[in-house]
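Colleague: Each chain, letter by letter, is given below.
There are 4 protein chains.
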Amino acid sequence: MTEFFKNIPAIRYEGPDATSEFAFRYYNPDEVILGKRMEDHLRFAVAYWHSFAWPGGDPFGGQTFDRPWFGDSMDLARLKADVAFEMFDILGVPFYCFHDADMRPEGATFAESKRNLDAMVDYLGQKQADHKTQLLWGTANMFSNRRWMSGAATNPDPDVYAYAAATVKANMDATLTLGGQNYVLWGGREGYETLLNTDLAAERAHAGRFLQQVVEYKHKIGFKGAILIEPKPQEPSKHQYDYDVATVYGFLKDFGLEKEVQVNIEQGHAILAGHSFEHEIAMAASLGIFGSIDMNRNDYQSGWDTDQFPNNHAEKALAFYEILRAGGYTTGGTNFDAKVRRQSLDAEDLILAHVGGMDTCARALKCAAAMLESDELEANRRARYAGWETDAAKAMLEGGLEAAAARVTAEGLEPQPVSGRQERLENLWNKYI
Amino acid sequence: MTEFFKNIPAIRYEGPDATSEFAFRYYNPDEVILGKRMEDHLRFAVAYWHSFAWPGGDPFGGQTFDRPWFGDSMDLARLKADVAFEMFDILGVPFYCFHDADMRPEGATFAESKRNLDAMVDYLGQKQADHKTQLLWGTANMFSNRRWMSGAATNPDPDVYAYAAATVKANMDATLTLGGQNYVLWGGREGYETLLNTDLAAERAHAGRFLQQVVEYKHKIGFKGAILIEPKPQEPSKHQYDYDVATVYGFLKDFGLEKEVQVNIEQGHAILAGHSFEHEIAMAASLGIFGSIDMNRNDYQSGWDTDQFPNNHAEKALAFYEILRAGGYTTGGTNFDAKVRRQSLDAEDLILAHVGGMDTCARALKCAAAMLESDELEANRRARYAGWETDAAKAMLEGGLEAAAARVTAEGLEPQPVSGRQERLENLWNKYI
Amino acid sequence: MTEFFKNIPAIRYEGPDATSEFAFRYYNPDEVILGKRMEDHLRFAVAYWHSFAWPGGDPFGGQTFDRPWFGDSMDLARLKADVAFEMFDILGVPFYCFHDADMRPEGATFAESKRNLDAMVDYLGQKQADHKTQLLWGTANMFSNRRWMSGAATNPDPDVYAYAAATVKANMDATLTLGGQNYVLWGGREGYETLLNTDLAAERAHAGRFLQQVVEYKHKIGFKGAILIEPKPQEPSKHQYDYDVATVYGFLKDFGLEKEVQVNIEQGHAILAGHSFEHEIAMAASLGIFGSIDMNRNDYQSGWDTDQFPNNHAEKALAFYEILRAGGYTTGGTNFDAKVRRQSLDAEDLILAHVGGMDTCARALKCAAAMLESDELEANRRARYAGWETDAAKAMLEGGLEAAAARVTAEGLEPQPVSGRQERLENLWNKYI
Amino acid sequence: MTEFFKNIPAIRYEGPDATSEFAFRYYNPDEVILGKRMEDHLRFAVAYWHSFAWPGGDPFGGQTFDRPWFGDSMDLARLKADVAFEMFDILGVPFYCFHDADMRPEGATFAESKRNLDAMVDYLGQKQADHKTQLLWGTANMFSNRRWMSGAATNPDPDVYAYAAATVKANMDATLTLGGQNYVLWGGREGYETLLNTDLAAERAHAGRFLQQVVEYKHKIGFKGAILIEPKPQEPSKHQYDYDVATVYGFLKDFGLEKEVQVNIEQGHAILAGHSFEHEIAMAASLGIFGSIDMNRNDYQSGWDTDQFPNNHAEKALAFYEILRAGGYTTGGTNFDAKVRRQSLDAEDLILAHVGGMDTCARALKCAAAMLESDELEANRRARYAGWETDAAKAMLEGGLEAAAARVTAEGLEPQPVSGRQERLENLWNKYI
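Chains as they are written, first to last, in my numbering: chain A, 1 to 433; chain B, 1 to 433; chain C, 1 to 433; chain D, 1 to 433.
Treat the hints with care, as some may be off.
Copies of the same chain look alike in the list, so a pair counts if it fits in one copy or across any two.
Straight line, CA to CA, 30 Å or less: simulated BS3-like cross-link-like pairs of lysine-lysine [said to hold, decoys possible]:
(1) K394 <-> K253
(2) K132 <-> K224
(3) K220 <-> K394
(4) K259 <-> K36
(5) K127 <-> K224
(6) K132 <-> K394
(7) K394 <-> K127
(8) K253 <-> K224
(9) K220 <-> K253
(10) K6 <-> K132
(11) K394 <-> K259
Calculated directly from the structure, the hints in this document are not laboratory data.
Input sequences plus hints: build the corresponding full structure.
Modeller: Written as structure tokens, this is what we have:
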């Protein structure tokens, strides 16, 4: 055991009246909700990068965190993994997620980086064998190193495309080895800074072909998990090709991948794209591409990705309601793509941030389940669209514009508006909060 | 002749040193740019709604304009048309655009509205015969009347869908009769206010089928123009299904319409969706769905659709550059979906707003043409992507992830970043402004 | 009794497990919180304009509501008042608020408008005498009529300034007569559309002098209530002079009014200005100008004022926490400057929207009171700043830069950062939600 | 001479038809505009931080620039200064600006940092003696080091306040020594991340007292330059106390500093606060606190501070118009707080970015001067407010609300709106572009 979390107890469920800060008040892994254990509903994951690799910097200031594992050696990478699994144990989370760059030192060459990766995969494999926590997904960091500054798969230089291919292959192999349930691609540099130097059509074509190659390779190696694209509209790039769920869907359709690839939706990215979180989930579900969640919150007054821990269960209940309506996760989960504020320096802050986030989600899930179980909202929705269940309405869709139009004159239709009842439905939502 | 524009002369090109406000300083219809007359490049259209139907209201105040044609009778509708064509003559614009609701009084029933529409189509047809100005596109207003409050094709009530079908059919017929070159659909109410009462999947399916019916009807009646969707992310609805160009593309792909339907892109809507205007044009061009433009500008500090006249040629040059790169308009044009401010009460304001907007576009077009003709920007772009012209690069795309990855180890690739030269290219742009 | 709300019962407190929609689950007027009745804490007011005068229009569509009192006659104005007080009774609210334009027909001249106002003041006075509900505040609508299009007190035309003076005088008199506890000024047109035609310095000077005249008149007539400015950054104007609380404070200081005038803070306006609601309240309290609240919520994805009913008590608890920390309201109150969505057509929607809003606030108040009573948050805050209680720290503020600087060298100070504990405090907040 | 800019010639004015990229097309230092040399109007300054200290990192990626002077030694600091003055010579700029942290290595203690600062002040002093370029302003970086993470003057820890005092004192001394014409304070960490741990009133009081101490010290040491506050609404903090010009004004008034302190306005910060650049300048001028400019541009689609070089002279002409109307700079200047994009790796990019920015400003200045000289816009503005020049209007301001109101009835006033002529004025602006 390292000293990092010394004196911090394992977090246990103590119920809403818990007096200790170091207790769950809502997250009760074994409690059965809608026929499933809460842990199996929520499938929480800790993000390696924010909690163990981020130094606390922002665009106007450098490192604030003082972590014993910061540095570039393999020894420190192993120490980092030791501490990480200690935190996973304290929290009792079933999953974690990583980028290669979070958990292995960058090498001077691709080969050295690969050797470091392989060694850390071994080490993490042993960790997983000895602990409860397993890999939800792996991914490649193709945005931090300067080689990616103009894109990875969409780089004007085909050598960078090759490097990206080698990097993703290595990470898919690592994910397979570690039993990861999904493989994620987030294209923070797959976009542009200025149209003036960008060949949009070529870059999009390369991105599409790259994703096809990823899917082909997945099948070749027998990876059974999902391939997930994580939409984001901008930041770091001025424009990113995976802008939002609807954009990704059009892209997948274009490259014949809409049955092969799903989305990993992040609250903060949804907000930056002008959507609510629940919108993006509902949209993905309606398009058949809902996969997983990067859970966090974005400050509503900040125009960049703040990656804060969620803390409003009333709001998140709307998101979990859409997840439950979509049938819940299969391979996906609730990954905390969230970081403590750079002023939250202490080991306790790391733990308590996750405790608060997990409780917020657990409480939101319970509210959402109650909303669904009561069927009040759904009954209203069904009633609102009931007219479309008639044969006449179905025939109208089958037929042409003229036939539909003819009904208006034939029947002298002058349809009258009916209340949408929004506030009433919002009260219903609140009834279950 | 009505009295409305009395004492306002026809606007003529007088060159950059023109002293009169009532002159074009850049718009010179017969001047040849890149082998085509300027008028044929720009294909300006005046929007009937903003200039002749809008009373000057905003969410916090009512009518400010005092127009002799305001009211609901057919006589006033004809007076409005008379004044409109007087303005078209003064400006010398080749085109105009309308919604049914702009140019005919709403009737008490569908039948009466249709009779009013037909009568006004006759009247406008005579006007077109007697004047230069022809119809760029027609469209149906399916957002102002309370019957549309919960959507047209996406309404929970199938009778409203029927009403929408009858309305679009009537407007497509009117557009065909008047020789319109396009038919536009803007779905301001095709969206939702709250997910709580919305069946996203059903509404999207209805919208898709409706659009298929529109395309089928187009072919049936032999309409040769383009069907155009106008994207907008929100306002009036909280979310609109035609969010932006990339979203519309995914929608078209899903319903097999990407070869049948194009987009009509508005600057203000692009801004509200988080994009630059030139981005949306370039994206549409790269997806093969660029159709037409609703030219205006959005205030960069206001979060709603301000529909102002464009007044910054340097900025618009970037938009026209993308239009020229896309090969220019075919059936599309530059429609001023712009309104004078509600404090701009006078007839002169209406004229001068268009003069300024037309000059801004003409100047922007000339700059864009010079940028393209010099080939400096394009040469830089070609050079940046030149690596992709090699056989090795092409083979890498054809092959799989492993082959691409193998190159990295085989060749010991460690690609070095190359300057993106953004500021240099921005200087180049400015060289032609 | 009118028929409008027939079959809708008076709303009573039934507790969190209430099954009826027509019951309060949290608002229990007589329940004592922190030594004060809940009704006396919250001081709810209904806004006449949104609930009784707004027809349901938006920038893209007209009237949706079908109210028997819509129209311009005095009879209809009295019917409107009858229905309004029926709703006040059903809700049991202690207060309402109005603009002149909400409750009296506009006359053809100032004199006629004034006669209508006086007559309605009589009528409302009788209503107040017969009902529980009294006037929280009155205000003048100086933004809807076209005469105000370029401003009221800031109009380039001094005759409009005079008209504004006459209008405000009439409304202050009316407010005094009806026992109103505050008088509010919201300057939706006190701003500009373009700097090109605006004399900022003159307009600001006129606005300042106007406000001084208002304060002088208040004292002259013996009005004991507060004068309140309502900040808003923009909409309808591109820029409004009362941008936010801090801006208003500077303005008040400049005209010597910071002891005479307070602010009426609206959630939606705070959001448009880039602030959280609780920020604006805390800022006003710290500047000594906190007065009253316009309670609503703004859609976080919409860039205009959506004036929705609040529905997230967790979020509102932060606002009420700041109100309680500031000592609560004196003459102020919680006015629902909120409107049902334009699709919410039914009388029931009007009632249920207020029920939901009142319950959200009541629940938020209870959470905030518990947060304050526990003292956990405040204890942390005191501890964080405890260093400033030392004599050395106080002396450092009294002294000069050099003395403060000298301590660094003398004592070899190298201060080490301490955790800000944000997530921990957010968990604490959640403990009381 | 270092090798860094080898082969890059000194930039000279060659006029609009210049063919070389390495030439000014508009910036002609000795050209007289409105009676003053262009160089004396514009007073360009290069920012040491962006051009020489920034490594090219962003929140998602690290260093991209490969500069021979990167590192922490005094030798490298001197090399950096050598290169900087080589660039100043190439550009012919009259001024530069720095933070202490840009130009001296951070020491292990305050004393060591101070020694480094003093040594570099000597070195820069020699540089200034040997070159044309002088110091426009100095400032202290009190945001990057982790000690400032919770604020400098507003830190909960009074020791950090002392450290801030010592730091500012050292920088004011350095600025005085180097003949700097202004001293700037930008409070990126003077704000908060969460209200839950913040004592707004205390922090504001400390900030106010600190600024008073700065002003007292300025007078004590005989510094004749201006003290400038640079407003910014947020980033890095969630909320910053110097939100915008109007907020700073209220703050200055509160601490009796409105005659002592002016503002340094940045385009990007104005945009983030919801204002146009020209608004902030006009507001500052109308309040008598306009000082200087941080010239850059913010991407209109990005919600963070992009600090790009300006490239749209039409837009900037509106800013320079307000500067000219305000009488131009006294001690202030046009400081390029702008950085080349992180993909712009080459020495040439650094030079060309400044060339483009300087030309954009020069062209904008010329347009603005022409606008002012023609008097067309001002004549319109005077005419619009002419009514306020009458004795009756002035008397109305002097008198009370009742007297003003009495005019309405006495004279039967029903003021009629007059066109605001916005589009016409925008055309006028364009006439001079």
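Colleague: What label fits K253 with K224 when the C-alpha limit is 30 Å: within, between, both, or neither?
Modeller: both (21 Å within a copy, 28 Å between copies)
Colleague: Can you give me the call for K127 and K224, within, between, both or neither, at a CA distance of at most 30 Å?
Modeller: within (22 Å within a copy, 65 Å between copies)
Colleague: Have a look at K259 and K36 and pick one of within, between, both or neither, based on CA distance no larger than 30 Å.
Modeller: within (27 Å within a copy, 46 Å between copies)
Colleague: Give the relationship of K220 and K253 under a CA distance limit of 30 Å: within one copy only, between copies only, both, or neither.
Modeller: both (22 Å within a copy, 28 Å between copies)
Colleague: Please work out whether the CA atoms of K132 and K224 approach to 30 Å or closer within one copy, between two copies, in both situations, or in neither?
Modeller: Answer is within: at 21 Å inside a copy they meet the 30 Å cutoff, but 65 Å across does not.
Colleague: How would you label the pair K6, K132 (within, between, both, or neither) given a Cα cut-off of 30 Å?
Modeller: within (20 Å within a copy, 60 Å between copies)
Colleague: Regarding K220 and K394, is the shortest C-alpha distance of 30 Å or less found within a copy, between copies, in both, or in neither?
Modeller: So K220 and K394 pass the 30 Å test across copies only (22 Å; inside, 43 Å).
Colleague: Treating 30 Å as the Cα threshold, decide for K394 and K253: within, between, both or neither.
Modeller: For K394 and K253, the Cα distance is within 30 Å both inside one copy (26 Å) and across copies (23 Å).
Colleague: When no copy is named, should K132 and K394 be tagged within, between, both, or neither for a Cα gap of at most 30 Å?
Modeller: neither (51 Å within a copy, 45 Å between copies)
Colleague: Please work out whether the CA atoms of K394 and K127 approach to 30 Å or closer within one copy, between two copies, in both situations, or in neither?
Modeller: Cα proximity of K394 and K127: none, with 57 Å in one copy and 42 Å across.
Colleague: Are the CA atoms of K394 and K259 at most 30 Å apart within a copy, between copies, both, or neither?
Modeller: This pair counts as both: shortest intra-copy Cα distance 27 Å, inter-copy 26 Å.
Figure legend: structure checked against the earlier numbered hints; hints not met, in rising order: 6 and 7.
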